[in-house]
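Chemist: Residue-level listing of the chains:
Protein chains: 2
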Amino acid sequence: MADLPFDTSDERLAAAAWSRLVEPGDPAAVGLVAHLGGVEALDWLLLAADGGVRTPPPWEAAVARWAPRLENLDVRRELEVLDRLGGHLLVPGDARWPAALDDLEDPPFALWVRGGSAAPLGGTLAVSVVGSRAATSYGQRVAAELAVGLAESGATVVSGGAYGIDAAAHRGTLTVSGTTTAILAGGVDRLYPAGNTALLEAIVATGAVVSEVPPGCAPSRSRFLARNRLIAALGAGTVVVEAAWRSGALSTAGHAAKLCRPVGAVPGPVTSMASAGCHRLMREQGAVCVTDAAEVLELVAPVGEHLTSDPPVQPGLLDGLDVTASRVLDALPVRGSAPVANLARTAGLPVDQVRAALGHLELAGRARRTGSTWTRSS
Amino acid sequence: MADLPFDTSDERLAAAAWSRLVEPGDPAAVGLVAHLGGVEALDWLLLAADGGVRTPPPWEAAVARWAPRLENLDVRRELEVLDRLGGHLLVPGDARWPAALDDLEDPPFALWVRGGSAAPLGGTLAVSVVGSRAATSYGQRVAAELAVGLAESGATVVSGGAYGIDAAAHRGTLTVSGTTTAILAGGVDRLYPAGNTALLEAIVATGAVVSEVPPGCAPSRSRFLARNRLIAALGAGTVVVEAAWRSGALSTAGHAAKLCRPVGAVPGPVTSMASAGCHRLMREQGAVCVTDAAEVLELVAPVGEHLTSDPPVQPGLLDGLDVTASRVLDALPVRGSAPVANLARTAGLPVDQVRAALGHLELAGRARRTGSTWTRSS
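Taken in order, these protein sequences are the chains called A and B.
Just so you know, our numbering puts 259 at position 259 of the first sequence, and the rest follows in order with no gaps.
Just so you know, our numbering puts 44 at position 44 of the second sequence, and the rest follows in order with no gaps.
One thing to keep in mind: the hints can contain errors.
Claimed, not checked - Sample of chain B residues at the chain A side, in silico, Cβ under 8 Å:
hint, residue
1, Glu80
2, Arg221
3, Arg283
4, Thr291
5, Leu349
Said to hold, decoys possible - Just so you have them, the derived chain A footprint on chain B, three or more residues with Cβ under 8 Å:
hint, region
6, 40-51
7, 62-68
8, 267-275
These aren't lab readings, by the way, just hints derived from the structure by calculation.
The beta-carbon is built from N, C-alpha and C at its ideal position, and this holds for glycine as well.
Isolated chain A, as found in the complex:
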């Protein structure tokens, strides 16, 4: 194995190289880079691939897994593609590197970012909103409304750029000029899925489209699953809007729970299979039932910062009456009239209390006296 054609002592290039060499979340690579640093780990790999170091069996397997991609490896190409697209590379230690990702057992080696926003990609002011691609119009409406409310409160909305709930959440954020981050499973040069190209371009313009794999990488199934951990980590909490009984959104919720981030689930009709996964999260995983943006903010915000309040209610006819007056009012005939003694029997109250209550009800315009009998007035 010859030397690589780029400067492997450059930390940023080494980080980029690791993000190309291994599949997301490869535990051996994460451990190696954490232990040696990206530059030294890459040196070691080059030696090991050439048979220049003794590798114990587990590492032998890892080197065999990584070595095929050493051939023709030149991350300057991918960085040029990113640069042409106006993007930039983030590596751990950069000022804009989201500290929230460091909570992961297997954080990414680098983030390939396209986007003009200077807002944080995630963190305490971010909420992840995810759900089914096969969303119903109900789910899409709720996702968009949640996103609007979250964005208006200044939160960044994080999602996966997919059809359905993800797209509705991104779109809702954009309608109120909020900040939204789309985490892709493949390279950011290829805005996937194709039907969301215009949406993802709009996100690039005002927010950020992010991937942990370099341009050119396809969005494979395993990368979709690995990508979900980034969505979960970037939000201070994750909300699932619609999900079938088995759904990728549930894996995102699982990652969030593993990270001790709160998980919210939006309920829906029990007759809708699109909500079955949300109900399952509530029943089995302790997800909190959330029905609007205020409840989501209450879920993710530090205690007491966002507290929902009861919706205002119209006072009912008997509100503000004490129990005694309410019982006397109930006892008053609607048609005809009754003496105080009868009212006391009907209400099950002493005569003097009935008399006092009738006085209050008369003043309130709810009871009327005719001679020695009383009737209801309203």
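Chain B: place on chain A using the hints.
Modeler: Using the frame of chain A, we list chain B on its own:
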């Protein structure tokens, strides 16, 4: 105050008398009867109302509250009405007296029952299903389906006989010839609400219509609220199907929780105000999200007796493949073909593992070899 015209030393008549004399849940009466027994408590009241015993101030107020109804009191009249309707009185100690009611702080003095069923009115095999009068068609459908499933499992369905959810739950039970109990707020001679007369008569024919107040008593607001505690106590658990933000059904759920009975809530669209109370119960009161009868039975049954199982799912394309084979399949081009070395790079796997996986995929008819290159086949 003259003597009462009936045998006040008869325990059944005394219990009936107390159920007429005081409003449901009157704590002083409950305490007095629990302490002295119904017969002696009635003797004491007759003396006290005549000024024949010294009453400390709190009891003076209670006597003043109860005394008006001593006048003309003759529970033989109410019992005759019940008898003509084919009903019967239950008092504590009777074989059919529901032991579940004894968990209440303020159990009823008697139950006025109409109904041909010999099934228990409530207890471990009963589930209370309650909800809004102003139910949606969604809520009514779900209530009916829950009731059908519960009845088919042999559970008694307890509810309040009201319009909306209550009626749907009773009706669902009747459609599968199950047993249902309706607890009314007023006397059982007056099937209330009038629009449910036919339904309540059908319940009388096969189940039971029950009240803690005698025939002739009107269903007043305070009696509706007190009645809810009986519904909660008679079910081994309570399920709220639809409820507005403020709803009587929430009071029933509150009673159930106070009795340490499990509470379930059926989710619905967050856009439906009719489900807002259910979502509130889940968020604020720890109600369990339930979506079908099996989940309700799991909630109320002794641990392990009813366990829901995951719904069967269609195996997906990649199910049954191990992670390696799945990644190689993802790496295989749909159009054109690729050599093993390229597939190894794309999949991020060692060449020998890719080769082994290709062998398996070829046998499974998912990969095809052409010379030294491979392509996907499906």
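Chemist: Taking the hints in turn, state whether each one holds.
Modeler: The hints, checked one at a time:
1. Glu80: Status violated, d = 20 Å.
2. Arg221: Status holds, d = 5 Å.
3. Arg283: With Cβ-Cβ at 5 Å, under 8 Å, it holds.
4. Thr291: holds (4 Å)
5. Leu349: At about 6 Å, which falls below the 8 Å cut-off, the nearest Cβ of chain A leaves the hint on Leu349(B) intact, so it holds.
6. 40-51: violated (count 0)
7. 62-68: With 5 residues closer than 8 Å to chain A, the region 62-68 of chain B meets the three-residue bar; holds.
8. 267-275: holds (count 6)
Violation of the numbered hints given earlier is confined to hints 1 and 6; the remaining hints are satisfied by the structure.
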